[in-house]
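Here's the letter readout for the chains.
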Amino acid sequence: MPVALETLGLHKNFGGIAACTDVSLRVERGARHALIGPNGAGKTTLINLLTGVLSPSAGRILLEGEDITAAAPHRRVRRGLARTFQINQLFADFTPLESIGLAVSERLGHGGDWWRVAGSRLSLDADIVGVLERFRLAEVMHERVATLPYGKQRLLEIALAIACQPRVLLLDEPAAGVPEEERHEILSAVASLPREVTVLFIEHDMDLVFSFAERISVMVNGGLFTEGSPDEVARDPRVKAVYLGEEVVDA
Amino acid sequence: MSAGAPVLATAVADHLALRARWRALEVAFWGAALASLFLLPGKHLILAEIAVLGLFALSLDLILGHAGILSLGHAAFFGFGAYAAGLLAKHHVIDEPVLALLASGLAAAALGFATSFLVLRGSDLTRLMVTLGVAMLLREVANRFDDITGGADGLQGIATAPLLGRFSFDITGHVAYAYVLAILFVLFVVARRIVHSPFGLSLRSIKGNPLRASAIGIPVNRRLVAIYTIAACYAGIAGALLTQTTSFCSLDVFSFERSADLLLVLIIGGTGYLYGGLAGAVAFKLMQDWIASLTPQYWQFWIGLLLVMIVLVGRERVAARLRGLFGKGR
Chain A
1 MPVALETLGL HKNFGGIAAC TDVSLRVERG ARHALIGPNG AGKTTLINLL
51 TGVLSPSAGR ILLEGEDITA AAPHRRVRRG LARTFQINQL FADFTPLESI
101 GLAVSERLGH GGDWWRVAGS RLSLDADIVG VLERFRLAEV MHERVATLPY
151 GKQRLLEIAL AIACQPRVLL LDEPAAGVPE EERHEILSAV ASLPREVTVL
201 FIEHDMDLVF SFAERISVMV NGGLFTEGSP DEVARDPRVK AVYLGEEVVD
251 A
Chain B
1001 MSAGAPVLAT AVADHLALRA RWRALEVAFW GAALASLFLL PGKHLILAEI
1051 AVLGLFALSL DLILGHAGIL SLGHAAFFGF GAYAAGLLAK HHVIDEPVLA
1101 LLASGLAAAA LGFATSFLVL RGSDLTRLMV TLGVAMLLRE VANRFDDITG
1151 GADGLQGIAT APLLGRFSFD ITGHVAYAYV LAILFVLFVV ARRIVHSPFG
1201 LSLRSIKGNP LRASAIGIPV NRRLVAIYTI AACYAGIAGA LLTQTTSFCS
1251 LDVFSFERSA DLLLVLIIGG TGYLYGGLAG AVAFKLMQDW IASLTPQYWQ
1301 FWIGLLLVMI VLVGRERVAA RLRGLFGKGR
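Listed in order, the protein sequences are those of chains A and B.
The working numbering applies: residue 1 is where the first sequence begins, and numbers increase by one.
The working numbering applies: residue 1001 is where the second sequence begins, and numbers increase by one.
The set of hints was computed from the structure by calculation and includes no laboratory data.
Just to be clear, a hint being listed does not mean it is correct.
Not the full set, but computed from the structure, chain B residues with beta-carbon under 10 angstroms of chain A [said to hold, decoys possible]: (1) S1197; (2) P1198; (3) G1208; (4) I1218.
Covered stretches of chain A, going by a simulated chain B footprint (3 or more residues, C-beta under 8 angstroms) [unchecked claim]: (5) 86-99; (6) 106-118.
Beta carbons are placed, not taken as given, at the ideal position from N, Cα and C, and that holds for glycine.
I would like the entire structure built from these sequences, with the hints used as guidance.
Right, dumping it as structure tokens:
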């Protein structure tokens, strides 16, 4: 399998504290790869390094074989790497329509147009509508994002990343904070992603991890602890000891 | 995609385009401005001042209201444009006022571009200090090179050539006001176009959430440099208009008070809907004029009181209502 995303000896220090130590991770193309670990293990730091929000103290990041270690965040998006955030990062004053329209026009290279009324390029509309419908946001597309129910905001959080049409998608706890009864909407949105999109996701909900992931990496104290198929990880007594507890035995 | 998609697509396009449509109140506003040209000939001097201040405030609104860049040194660009226009006219480099105005705007834009990199990083506080510093620095430079700028005495001997070779600027201010108003209108239409474009939308997204903006592929820094440069050009043109219409230019154009007053004007009028700067300029100048005629020595007191009241009583609510009237979604 070709490798979609790879890190080589990635380090990140904040002052004297090592948030990421020697992380060498390979994510295969089309993978459904989960990243789990206790709080403070460095999972979100790793996502921030991969997307360029933070720059690594050492190591390299390869996207489809190309070195993106020094690329600016927006350039990584253009190269096909998009993400969602653990805590919603939305445009509170925008409508879902404007938010998605922004992402789509940026992806198609029209985001810098300054002498054209936004919305006047009709070729974008089909794309925008496609994303809105897929994430059940069409009925609220004219409402202010800040006033949407949390579940819808969470969907928009993912929809914004999808609107960038990534080849590699990083999901940082997509179901975080979503009530049980609304969770299936998020799950089906994630599950319906095309197979060619590579997904690396952080999740604490073990049901979600084991129902969706085909490969699991476990992070502990900033380093990769172990990696394997869901079965292997579930059976690994060391993983159980550091993180999973009794849940896995039940599963 | 479902069968309703084409309908939805049309709705999408309509909705986005709707925000850019001219509202009745906007037409009324500009109609009133045009009418003042004919109906208030005795007020043309102060109206020209208001229009210059309005343009200057519009410039600040472009970066503050639409991109979230707070500046306490916007007079740097105003002053740069003012001196550029003064020097061009004095040394007869470009005599035609409109061309000189463009050249002065471009000079200020160049300065804006060069200093934009200083405001890309950091918090509001850093930006306040950096912009303040740049303006102070320029003022001192203008003071130091007094053989060119006239130093503390100001730039003397500027004679603005007749507009279009026909209309002379005189002490009644008729030509000056018509000229300033026309330039203000053209630049306003351009600014309006910019803020309703995808570029303008992306600026507002950067203002709202720069982290997410870059995460959906928006080149945040490049966009900020672009709008800062455009705003500097606007401020430079405002400064140049002041020089051209008054045939004078002094170090005062760079002053901290000018930058601070500008922020006041914009706060009075409200940020983020373009008319805030214009409404604020009208209110600010009229109040200044009115209060000064009643109690000249207490002008600062009343403006201070007003400022405190505006902020406490909820400028946001007032501004939101105004925005609604003038047709912006937010």
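Original post:
the region 86-99 of chain A covered by chain B? Criterion: 3 or more residues, Cβ-Cβ distance below 8 angstroms.
Top reply: Since three or more residues must qualify, the claim that chain B covers the region 86-99 of chain A holds, with 10 doing so at under 8 angstroms.
Original post:
Under the criterion of a CB-CB separation shorter than 10 angstroms, is P1198 (chain B) in contact with chain A as hinted?
Top reply: Nearest chain A Cβ about 5 angstroms off; hint holds.
**OP:** Under 10 angstroms, Cβ to Cβ, is where I1218 (chain B) needs to be relative to chain A, so tell me if that hint holds or is violated.
**Re:** Check passed: Cβ of I1218 (chain B) comes within 6 angstroms of chain A, closer than 10 angstroms.
**OP:** Quick one: see if chain B covers the region 106-118 of chain A, three-plus residues with Cβ-Cβ under 8 angstroms.
**Re:** Since three or more residues must qualify, the claim that chain B covers the region 106-118 of chain A holds, with 11 doing so at under 8 angstroms.
**OP:** Using Cβ atoms only, decide whether G1208 (chain B) comes closer than 10 angstroms to chain A, and label the hint accordingly.
**Re:** 5 angstroms, holds
Original post:
At a threshold of 10 angstroms, is the proposed contact between S1197 (chain B) and chain A supported by beta-carbon distances?
Top reply: Check passed: Cβ of S1197 (chain B) comes within 5 angstroms of chain A, closer than 10 angstroms.
In this structure, none of the earlier numbered hints is contradicted; all agree with it.
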